[in-house]
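Now for the letters of each chain:
Protein chains: 2
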Amino acid sequence: MNAKKIPDIIIGRLPVYLRALQRMADMGLKTTSSQELGEHVGISAAQIRKDISQFGEFGKQGTGYSIEYLVNKLREILKVDRIWDVAVVGAGDMGHAVANYQGFMNRGFRVVAIFDSDKEKVGHLIGEFMVEDAETMIERIRGLGVRIAMLAVPAAAAQGVADQLVQAGVRAILNYAPISLNVPGNVKVQCIDPSIHLQRMTFYL
Amino acid sequence: MNAKKIPDIIIGRLPVYLRALQRMADMGLKTTSSQELGEHVGISAAQIRKDISQFGEFGKQGTGYSIEYLVNKLREILKVDRIWDVAVVGAGDMGHAVANYQGFMNRGFRVVAIFDSDKEKVGHLIGEFMVEDAETMIERIRGLGVRIAMLAVPAAAAQGVADQLVQAGVRAILNYAPISLNVPGNVKVQCIDPSIHLQRMTFYL
Chain A
1 MNAKKIPDII
11 IGRLPVYLRA
21 LQRMADMGLK
31 TTSSQELGEH
41 VGISAAQIRK
51 DISQFGEFGK
61 QGTGYSIEYL
71 VNKLREILKV
81 DRIWDVAVVG
91 AGDMGHAVAN
101 YQGFMNRGFR
111 VVAIFDSDKE
121 KVGHLIGEFM
131 VEDAETMIER
141 IRGLGVRIAM
151 LAVPAAAAQG
161 VADQLVQAGV
171 RAILNYAPIS
181 LNVPGNVKVQ
191 CIDPSIHLQR
201 MTFYL
Chain B
206 MNAKKIPDII
216 IGRLPVYLRA
226 LQRMADMGLK
236 TTSSQELGEH
246 VGISAAQIRK
256 DISQFGEFGK
266 QGTGYSIEYL
276 VNKLREILKV
286 DRIWDVAVVG
296 AGDMGHAVAN
306 YQGFMNRGFR
316 VVAIFDSDKE
326 KVGHLIGEFM
336 VEDAETMIER
346 IRGLGVRIAM
356 LAVPAAAAQG
366 VADQLVQAGV
376 RAILNYAPIS
386 LNVPGNVKVQ
396 CIDPSIHLQR
406 MTFYL
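Protein sequences, first through last, are from chains A and B.
For reference, each letter of the first sequence is one residue, going 1 to 205 in the numbering used here.
For reference, each letter of the second sequence is one residue, going 206 to 410 in the numbering used here.
Chain A with its partners taken away, still in its complex shape (with noise of 0.2 Å):
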């Protein structure tokens, strides 16, 4: 299996499969079909199959996909078969309620730390988080090993402090701030802008 054969589009949709497939698993079900799993994401039946085959022969014929099978080569694939220390900056609104986000247990994730650069947050507990003083974030990141970082800090500073973060070993950066992010290739970034996505309905309306 190479990563780099199977398209971007691709990748971006198996989140979601899994997510419908540990809520059918927590239900108690036991197999399902792509039908069935079609209709929980709203993506056809054919396209899943197709998506699916990619990453090998999961399912039977007749008989369905085994959830539990599924779920556990889903994780492994999307490397959520282990759990990653994520790092928060930004200790305002947005950086509390991702700190504090319960969404994250069994999804492959866990924050370890976050930071600001306010010295009025400084020192403030964030539910069990004391936030950390963004002077020392190079540091604290490298020494603990923390590859994925949520960048909640407003748009003027979100360049800089994603510099930092990529010269402190991070990879994966998700982008709470309204802007782009220029990044080294071998960055990857994920943004989450409400307006973009709100944008992205209207046209509709």
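Derived by calculation from the structure, the hints in this document are not laboratory data.
Be aware that a few hints might be false.
In silico contact screen, one side only, chain A against chain B (beta carbon under 7 Å); selected entries [claimed, not checked]:
(1) Gly12
(2) Val41
(3) Val80
(4) Met94
(5) Asn106
(6) Arg107
(7) Phe109
(8) Arg171
(9) Gly185
(10) Ile192
(11) His197
(12) Met201
(13) Phe203
(14) Leu205
Even for Gly, the Cβ is constructed at its ideal location relative to N, Cα and C.
Dock chain B against chain A, hints included.
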């Protein structure tokens, strides 16, 4: 121009172009090129020219695009040349963060109400908004004529609330709950689930 004929994937890129162009305008720039815009958003110049040409002729070979003209045109296409009222459901950490979010300014949206089913939260202030009782939600949203909602409730409650929102006339839902929603064909849904975004990146680590 027929909305049905423009692929959804192109519509998805237009808000990203608009955000970068608005930032250029804020910096006082007057014109740009597909090359320059491409560097800002990490998309090839050829793709940008192709996307933009779907909507007519915006630039002249050699002189580039007028930023102001393109901003106005994209805002018109995406229907954010007006202000859309948005309701927030769920007054937890995430509802709190999106209700106070500053990034909606000049992007076409404003929050007008926030609801929660927890009587302990009802009546409390979040920024300038008083949390309203979810029991009054359908009537209030109908009265306000709100078409867009952000759903920040636990996964177990999300489908039920989505059904109520649709009943109230909402036609676009930005879903923060970690679950796929079933909605009628005339309702648009976009999902924000940080675990999904993170899992898209761990594949490459």
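(Q) Can you verify the interface hint for A/Val41: is its Cβ closer than 7 Å to any Cβ in chain B? (A) Since the shortest Cβ distance to chain B is 5 Å, the answer is holds.
Q. Hint check: is the beta carbon of A/Gly185 less than 7 Å from a beta carbon of chain B?
A. violated (11 Å)
Q) Given A/Phe109 was flagged as interface, is its beta-carbon under 7 Å from a beta-carbon of chain B? A) holds (6 Å)
Q. Would the hint on A/Ile192 stand, with a C-beta cut-off of 7 Å toward chain B?
A. holds (6 Å)
Q. Would the hint on A/Met94 stand, with a C-beta cut-off of 7 Å toward chain B?
A. Hint on A/Met94: holds, closest Cβ of chain B at ~5 Å, below 7 Å.
Q: Have a go at the A/Phe203 hint: is there a Cβ in chain B nearer than 7 Å to its own Cβ?
A: At about 5 Å, which falls below the 7 Å cut-off, the nearest Cβ of chain B leaves the hint on A/Phe203 intact, so it holds.
Q: Under 7 Å, Cβ to Cβ, is where A/Arg107 needs to be relative to chain B, so tell me if that hint holds or is violated.
A: holds (4 Å)
Q.
Min Cβ distance, A/His197 to chain B: is it shorter than 7 Å?
A. For A/His197, the interface hint holds, since the closest Cβ of chain B sits about 4 Å away, which is under 7 Å.
Q. Given A/Leu205 as an interface hint, is the shortest Cβ-Cβ distance to chain B below 7 Å?
A. Holds - the Cβ of A/Leu205 comes within 7 Å of chain B, reaching about 6 Å at its closest.
Q. Does the CB of A/Val80 sit less than 7 Å away from some CB of chain B?
A. Holds, about 6 Å.
Q: For the hint on A/Arg171, just tell me whether its beta-carbon gets within less than 7 Å of chain B.
A: At 6 Å from the nearest chain B Cβ, A/Arg171 passes the 7 Å test, so the hint holds.
Q.
Does A/Met201 hold up as a contact with chain B if the rule is Cβ-Cβ below 7 Å?
A. holds (4 Å)
Checked against the numbered hints given earlier, this structure breaks hints 5 and 9; the rest are met.
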